[in-house]
Structures are given as C-alpha cells and as structure tokens.
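Novice: The primary structure of each chain is shown beneath.
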Amino acid sequence: MAGFVLILAAAVFFPGVILRTKSIASGRKGPGVMQPLRDIIVLIKKGSVFSRTTGLIFRVAPAVSLATVICAMLLVPFAEQKALVSFEGDFILFSYLLALGRFFMIIAALDTGSSFEGMGASREALFSLIVEPAFFILLATFAMFTGYTSFSDIFSHFFISGNDYVLVYSIIGAYLFIQTAMVENSRLPVDDPKTHLELTMIHEVMILDYSGFDKALIHIGTYLKFALYGSLIYNMVVPAEWNTFLQAGLFFIVQAVFAVIIGLTESFRARNKMNKNPKFILTLSAIAWIAFVVVLILTDKLV
Amino acid sequence: MLNSILFPILLVLSLLIFFIPRPVKYFFTLILLVTGIALTTSWSIRLMTGSEQVLEIPLFVTAAGSALNLVIDRLSAFFIIVINFTVFTGFLYARGYLAPYYLSKSPLRFSIHYFSYIWLWLSMLMVVMIHDGLFFLIVWEIMALSSFFLVTFDAEERDIMKTGISYLIQMHAGMFFILVAFLLVFKATGQMNFEALKDYYAVNRNLPLFMLFFIGFAIKAGFIPLHTWLPEAHPAALSHVSGVMSGVMIKMGIYGILRVLIPMQSDLLATGVIILVVSLISGVMGVMMAIAQHDLKRLLAYHSIENIGIIGAGIGLGVIGLALNNQVLTLLGFSGGLLHVLNHSLFKSLLFFSAGSVYQSTHTRNIERMGGLMKKMPWTAMLFLTGALAISGLPPFNGFISEYLIYLGMFKSLPGASLSNSILILGSVVGLSLIGGLAIFCFTKAFGIVFLGEARSANAAGAAEVKKSMIIPQILIVAFIMLIGLGSPLAVKPVFDIVAWTTGLSNQVVPAGYFAPGLQGISIIGGVFVMLLSSLLIYRRYHLRRKEITEGPTWGCGYTAITPRQQYTATSFIYNYNHIARPVLGTRKKMEEIGENEIFPGRRTFVSHSDDVFRKVLIDRPVDLISGLLKKIAVMQTGQIRHYILYAFVFMLSVLLLAILNII
Chain A
1 MAGFVLILAA AVFFPGVILR TKSIASGRKG PGVMQPLRDI IVLIKKGSVF SRTTGLIFRV
61 APAVSLATVI CAMLLVPFAE QKALVSFEGD FILFSYLLAL GRFFMIIAAL DTGSSFEGMG
121 ASREALFSLI VEPAFFILLA TFAMFTGYTS FSDIFSHFFI SGNDYVLVYS IIGAYLFIQT
181 AMVENSRLPV DDPKTHLELT MIHEVMILDY SGFDKALIHI GTYLKFALYG SLIYNMVVPA
241 EWNTFLQAGL FFIVQAVFAV IIGLTESFRA RNKMNKNPKF ILTLSAIAWI AFVVVLILTD
301 KLV
Chain B
1 MLNSILFPIL LVLSLLIFFI PRPVKYFFTL ILLVTGIALT TSWSIRLMTG SEQVLEIPLF
61 VTAAGSALNL VIDRLSAFFI IVINFTVFTG FLYARGYLAP YYLSKSPLRF SIHYFSYIWL
121 WLSMLMVVMI HDGLFFLIVW EIMALSSFFL VTFDAEERDI MKTGISYLIQ MHAGMFFILV
181 AFLLVFKATG QMNFEALKDY YAVNRNLPLF MLFFIGFAIK AGFIPLHTWL PEAHPAALSH
241 VSGVMSGVMI KMGIYGILRV LIPMQSDLLA TGVIILVVSL ISGVMGVMMA IAQHDLKRLL
301 AYHSIENIGI IGAGIGLGVI GLALNNQVLT LLGFSGGLLH VLNHSLFKSL LFFSAGSVYQ
361 STHTRNIERM GGLMKKMPWT AMLFLTGALA ISGLPPFNGF ISEYLIYLGM FKSLPGASLS
421 NSILILGSVV GLSLIGGLAI FCFTKAFGIV FLGEARSANA AGAAEVKKSM IIPQILIVAF
481 IMLIGLGSPL AVKPVFDIVA WTTGLSNQVV PAGYFAPGLQ GISIIGGVFV MLLSSLLIYR
541 RYHLRRKEIT EGPTWGCGYT AITPRQQYTA TSFIYNYNHI ARPVLGTRKK MEEIGENEIF
601 PGRRTFVSHS DDVFRKVLID RPVDLISGLL KKIAVMQTGQ IRHYILYAFV FMLSVLLLAI
661 LNII
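Keeping their order, the protein sequence lines are chains A and B.
The first sequence finishes on residue 303 if you use my numbering, and the numbering steps up by one all the way, no holes.
The second sequence finishes on residue 664 if you use my numbering, and the numbering steps up by one all the way, no holes.
Errors might be hidden in some of the hints.
Listed below are the simulated PhoX-like cross-link pairs for lysine-lysine, each with C-alpha atoms no more than 20 Å apart in a straight line [what the hints assert, rightly or not]:
#, chain 1, residue 1, chain 2, residue 2
1, A, Lys194, A, Lys45
2, A, Lys194, A, Lys82
3, B, Lys547, A, Lys215
4, B, Lys25, B, Lys105
5, B, Lys162, B, Lys616
6, A, Lys45, B, Lys547
7, B, Lys493, B, Lys375
8, A, Lys46, B, Lys547
9, B, Lys376, B, Lys493
Over the 10 Å line for every Cβ pair with chain B, so calculated as not near, a few chain A residues [stated by the list, open to error]:
#, residue
10, Val12
11, Gln35
12, Ile41
13, Ser115
14, Phe135
15, Val168
16, Ala181
17, Lys194
18, Trp242
19, Thr244
20, Val257
21, Phe268
Derived from the structure by calculation, the hints contain no laboratory data.
Note that the structure is a prediction, hence the values are computed from the model and not measured.
Note that beta-carbon positions come from the ideal geometry of N, C-alpha and C, so glycine has one too.
Chain A on its own, in the form it takes in the complex (with noise of 0.2 Å):
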C-alpha cells in the first residue's frame, strides 16, 4: 500500500522538477514545480476537438493507457513492505500490461489515418519491441541471483546475501532501469518531447490529435510511469531492510535524482539520429547482458 501512495505522491512532483531543472540549467526563471499539475487541470477543465476520421479507438486509448499503468503500480513493492498483489512472475504481467497500454496508443495513432501519427506509432513500436529483452534479461539475472521470481521477494533478498558485487550490479540495474525509462516515456536522447517538428517526433507525434480531457490522461499516465519506473530503481539501490520511515525519506530523494539526472540529460544532450536509435537501444540489452556474465561469475558457474 504504501508504495502505491508514494509513487502517486512521486508522481505529482516528478515532471514539476524536471522542469525546474532544466530552466535553472538553461539559465531561465521558469514556471514553478507544480506547473505540469495545473496544466493537467487546466486540460480537464477544457472541452475536447476530435477528429472527424477517428472512431472508439482514439476515444478509449487514453483510459487504457492510464489503466494499466495504474495496475503495474500495484506489483511495484516498497521497502520491506510487499507490493498489493505480489506473486511469482509478477514482473511479466508488469511488462505486458504496459505493453497493453502501449499497444492501445499505437493503434489510437492509426485511427487518425495522419501520416505523422503514423509515423510516430512505427517508431514506438519499434522501439519499444527492441527495449523489451533488455528487461527480461535483467529480471532474469535478478530471478537467477537471488532464487526468487516476484518483485518483492527479488528486492528483499537483494542485499541480504552480503555479497560485495552487489553494488556492481545494483548500479548496472539502476542504469539500465533509468535507460529503459527513458524509452519507454519517449525522452532523451531517443525522443525529444520538445522538438516542434512533426516529422523529428515518436510520442509526441502519436498524440498530436488528443485534446482535454484525454490528453490529461496521457499526460497523467506518463507522470505515473517515470514515479514507477523511479520506483524501481530505488528499490534497487536502497536496502530493504533499512528503518522505514528513513526510507520514506530517501524514496522522494531518489525520484528526485532521477528527475534531475533527466532534466541535466535532456539539457544537455541531443537526441539520437533517428536510425541510430535501434544500435543505441540494443545496447541497453548487451549491458544486461554482462550483468548476466557477473552474476553467473559470482553463482560459481562460470569460471
């Protein structure tokens, strides 16, 4: 339960700094943190265009979309605690079940029957297909490490072992976790949710014809996704064993580096070429890969 909250907690605070971040960066004053929360307000308080091409599809994508992120949020465990519904595998329905919502907002581009949305819904497809073995490699070192199968027996047994390399693959994982989040909400260096051209775009792209209330709930469901996947993360690199109130503490810390580590990204990186992206993404599955050699290093099974 409470990891359910505080990543709804995360959530509302999360696009606020990296915002600030990037404004202080680029040496701006800036809107305050809570600006993307009013946004969304303002969002619901409008009333809606839709195209006239666009059928129950486009209307219902949205909802989806913020469903099933929603339901991730509920296998995601914090500190000793267990996550809602936890059980053995249960990381398989979290990548599937965003892949449900990813699959609506594809197919929601399609109904536009816009060649830039289009666009845009063949290159989220590709990606997201390319980043997903980086996922299941990982979980699998995790499952292969510590014996277990679920997020919450994975991260509480993480540190137990006592084992020193841990931290090399607690960083490797963090990495890896942060890159994947990066894909997965379309921000740099693979997108650039600024960029003001259509033909440069992937996500914005897709969504270029939602306005009001579902674009509040696109923009909700991708709030929600960068505290969950911050969750993750620091799950990873935070004991579970530690005093839980100190650890409540340090969960906002977290989330907020790693918002801050995105803003500094995207102030001062430039998005990939377009066709670079696959080669970047399908490193993202060779360093998981070696986090694989050095678990099978430390099981004793290789050397």
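Take the given structure of chain A and dock chain B to it, following the hints.
Specialist: Positioned in the frame of chain A, the structure of chain B alone reads:
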C-alpha cells in the same frame, strides 16, 4: 453400447451428404457434427472428471478377429475438446461465408466440401484416438486428403490447384518419415503401435527414432524450416477451413510429437534442446516474416508458425525438465505448451474468421487496399481486435496465461541451472520476449491499417458488416478467450492434471495448488483492470457531456487537402523495421534510378518484395539445381530413334565389358 455403435454410424452416414437435396445439405452436415461432437466430448469429459485411466471403445472388428479400439487417455481427451470446439464454430461460421458461392459452384462441389469437412474432423478425432500404427497412418492420410479437397474448393483458379498439389506432396513427404519410423519400431519389437515405442526406446537409441517422427510431425505442425506449405495453403483455403487447419489441424503434429516423446527414456536433454532451439527459431522467424506480409491471411499463416514455436518452446522446456529431473520446469513447460495449443486454436480461428469476414465484404486480402473498416464493420473489428490482443500475449486475454507459464518455468529454473543451461534458458527468455514485442508490432500494423483511418480503395469504402450468423460463433470464441484470460486458475487446473498424468509427475512433488497464487494474482489484476477501465470510461462519458465537443479534420500540419492515399501504409509502417531485418528477410527493391541528365523523367514503377528465406534456400535453390542438372542430361533425349538404339548398344556393350572384367 450406444458409444461403440454411434461412431461407425457417423462414418457411414456422412456418405449421405452426396444424395440429399442442396438446401438441407448444410443442416444435415450440422446434425452429424453436433451428434459426433456431443458423443466424443462426453467421452473426454467422462475421462477428465472420472477416475478411469483410459477409455477403450471398439470401432470395428477385423476379419482376423482382432478389434480396432479407439483409445482415449487424458492427452487425447484434451485434443478432442480442442478439435470439437473449433470445428463446431468453424462450421457455424461457414454458413454465411459459403452463401456467396451458391451461385457459382455446383451442388457436387458443395457436397465434396461438406464431406471433406466432416472427414477432416473425423480423421483428426481418430488421429488422437487410434494407437495402432497402421490405422494411425491411414487416418493421418485421410486427414491430408480431406484437407487437400478443402483447400482446392476454388480450384478454377490455377494458383490454388498448384498450391493444393504442393500441399499434398509435402504432407506425403512428412508421412513417409512417420511410416519409416513406425517400420523401424515394427522391425525391432514386432509391433506397430504407440505402446510398442516404450519397448523400442528401452533397448535402442532414442534420439534417431524420435528425430524421424519429429520431422514427419513437424511438417504438419509447420516448424521452420519445414513450414513451406503453410503460408501457401492457408490463404488459398476458405476462411473457415483456414481457421480449422491453423487452429487445430497443425496441432495434430504437436499431438504426434507429444505421443512419441512421452515414452522416451534416454537422450532427453538433447531432444529437449533440439525442440527448444527449433521452436525458438520458428517463433522468432515466423513473426518476423509475418510482419513483412501484406496479404492478411498469409500474415496470419506466418503467425501460426510463430505460435507453433511458442508451443514447441513450452514442450522443449518440459523435456529439459524431464531430463534434469526438474519437476517444476516439466510441469510449467508442458502445461504452458499444451494450454497454448488450446489458446491458439481459439484466437487463431477467431482471427481467420474475422479476416474472412473482411475478405467477404471487401473482396481483397491486400491490406494496403483496406482502411477505415471499423466504422463499416464494428463487430468484425472488435472481434479481430480481441484476437489480435490475445495472440500478442497481452493480459487479460488467454494468450498471456500460456506465455506466463512458459516464462515462469524459465525463470524458476534459472537459479539451479548449469552454465550451458543458464545461457540456453536466458536465450529462450530473450526469444520469447522478442516474439511478444514483434507480435505487437505486427498486429498493431494489421489492425491499424485494415480497420482504422480512412478507406484506401473503393472496395474498402463500400464494405458492410457481415451476417449475424457469422458473428455469433466468433462471439462464442471470445467468451472462451476471456474466460481463460480472467479465470485462469480454473482453466489451468485441468491442464496441470493432464500434464501430471501424462508425464507421470507425482502430486507430492508438485502439489495441485502450487501455482494457483500466481494465476490468482493475474486474475485479480485482470479484474482490477477491467473495473478501473470501465469506471474511467464511464466517468469520461459523464465528464465530456458537460464540455464543449467539436469535430474537425485530423491535424495535417497546416496542409488542408489531405486524401486517404496520404495515410501511412503497411509498407511505410514497417519501413524502419525492414531496414533492420533486411539480412533476415532479404527484402529487395526493384526500381530505376532517375538519370542525371534526364530532365523530364518518364513513367516508372517501384516494386519491393520480401522472400521466405528458408523456402528459397532449402527448397527453391536445390530444386532449381536439380532441374537444371536434369535439363542438361535431357540433351540425350533427341527424339531420333537411331540415337536411342545407340544408347542401348552402348549399354549392352558396357554390361558385356563389365562382365568380362569380372566387375559385376
């Protein structure tokens, strides 16, 4: 008593289809089907719920006095249910689908069609119930023949006849392998049935015999590289036939593999690894080639290869589990594979039926000519979408459950695995996750291009929803898809029981309710998801009622004269993918570059095409090579009689010489 009489009566009564008037032909066939389905399903339910181990029903007594029995064990019972359900929904669907053909085809053609349909169904039932080798081969042959007649319904078209013949030849190549394998068993044990396999395996090497069977059955199942008949035959057949062939007939190959696998006693690890590797290649390559297809039914046919790969991966893991004595892996692998047999029969028949509806109302299978069909055919669109989500393995649909079991088997066996097994299992995890991602890519393309956006041709613009009689059987399938997806603990339990019984796992090692928490968790999340989604949508409706809603054109980046032809096409959707996958797919472009000093470029054409690489390398090239060689030899065939006399003379002379030199 009724049991043993009714089945032979059915076999005989099916002949009557030829002699009754056309309007009642369909209903007569339906009555036969329903009777047989009720009968055989009651057998399987009796077996699954009762305490009997095996049910034996005499089919007929031969002149020599020995009886041929239908033997039903739990494995057969499972397959009987899978066969019956899809054949039944397929035939309900066929009524509306065949209607447009009443004008163009003769009554005899229809009689042949119904008769073949009944016999395809009967032969599949007998394949899973007959243990005698010779009769097994006979019903296996009947299955191939009846499906051949079903495929060639439209035989006026030259291509279809050609496809049918090539299908028939490949089926017989497969049968030859099975025949040889059975003969080997006969030679060693003096018996020719599945029970004798155990004796054979006990004294002889296991792997060579298994490989013979495996090749024979894998041709039917469509494992790569033995899949080449599949993408040709499925598009050629009528949609209800494709649904049945892809949904259940190819599973007879899986049944055969399981049947010869279970009694194996040694070489298990090698067998498991071979099955797993072949399956993963089939899975990944099947879906990769599916993405490149623009013929809707051919696309689905390639997906059958992918799903056979997933089923095979489950079975392969199960065998590895047997070899390593890892009971959890055995149970999860086999159960995942077996459940996927059922799941695939549901969503693949659903997809073929709804694709058939699309074909009937647009008269094209080329997805580049479709678009916007969701507005014209809302029911078909929703049905296809359900099938697409299920086949992509997404929760809360049934495909996820079987993939989850297979994944879980892999993850749970990782900690204790040796180095080589760890790498193998991790490779399988990567393979399965790639298959999932690629399937999503393929079905977002298929659904998006066919049903969404604006119509790309006059055919699509004039489409209309199909008859209710074609939609209702599909809704029936959707009900089962949702039932398995949301109520998985109920659906998986019988499958666990079948696997535990078939592989001889004891209940102590793997308690019956062992994996229930996981499946319950999936059900809970599924329920939460459905409730959350519906409340969000209800609130949205209520919320938007008070807001100002305006309609306008799709945002065109400032350009206002947008036409449907400017939409993203299937080709453009997969452009980036094709770029990455070119080494595998061998996509070729044919175009003329515009010359530098060509001021007024003339007419030009552009063609892009991707081959089935395996077909090209393994079938087309050797055939070309051999026929090229034979053509060179054909120089001798001059048609002049004096040359032939010379050949005879040279032959006799050489025989004489060889005899003199004591060589022969």
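Novice: Take the C-alpha atoms of lysine 46 of chain A and lysine 547 of chain B, compute the straight-line distance between them, and say whether it is at most 20 Å.
Specialist: 7 Å, holds
Novice: Holds or violated: lysine 45 of chain A and lysine 547 of chain B, Cα atoms, limit 20 Å.
Specialist: Cα-Cα ~8 Å, so holds.
Novice: Would lysine 194 of chain A pass as off the interface with chain B, using Cβ distances and a cut of 10 Å?
Specialist: For lysine 194 of chain A, whose nearest Cβ neighbour in chain B is about 17 Å away, the distance exceeds 10 Å, so it holds.
Novice: Minimum Cβ separation between valine 257 of chain A and chain B greater than 10 Å?
Specialist: Check passes; 29 Å lies beyond 10 Å.
Novice: Is the claim that valine 12 of chain A lies outside the interface with chain B correct, judged by CB distances over 10 Å?
Specialist: 19 Å, holds
Novice: Does lysine 616 of chain B lie within 20 Å of lysine 162 of chain B when you go C-alpha to C-alpha?
Specialist: Given that 20 Å is the threshold and the Cα spacing comes to 18 Å, the pair holds.
Novice: Please verify whether lysine 376 of chain B and lysine 493 of chain B have alpha carbons no more than 20 Å apart.
Specialist: Not OK: lysine 376 of chain B and lysine 493 of chain B at ~41 Å, beyond 20 Å, violated.
Novice: Below or equal to 20 Å on CA atoms is what counts here, so check lysine 25 of chain B against lysine 105 of chain B.
Specialist: 14 Å, holds
Novice: Determine whether the non-interface label on tryptophan 242 of chain A survives the test: each CB of chain B must be over 10 Å from its CB.
Specialist: Since the minimum Cβ distance to chain B is about 26 Å, tryptophan 242 of chain A lies beyond 10 Å and the statement holds.
Novice: Hint check: lysine 194 of chain A vs lysine 82 of chain A, CA-CA at most 20 Å. Holds or violated?
Specialist: Status violated; Cα separation ~38 Å.
Novice: Since serine 115 of chain A was said not to touch the interface, does its Cβ keep a gap of more than 10 Å from each Cβ of chain B?
Specialist: Given a closest Cβ separation of 5 Å, the condition is violated.
Novice: Could you let me know if the closest chain B CB is still more than 10 Å away from the CB of glutamine 35 of chain A?
Specialist: Consistent with the label, glutamine 35 of chain A stays out of reach of chain B, its closest Cβ about 23 Å off (over 10 Å).
Comparing the model with each numbered hint stated earlier shows that hints 1, 2, 7, 9, 13 and 14 do not hold.
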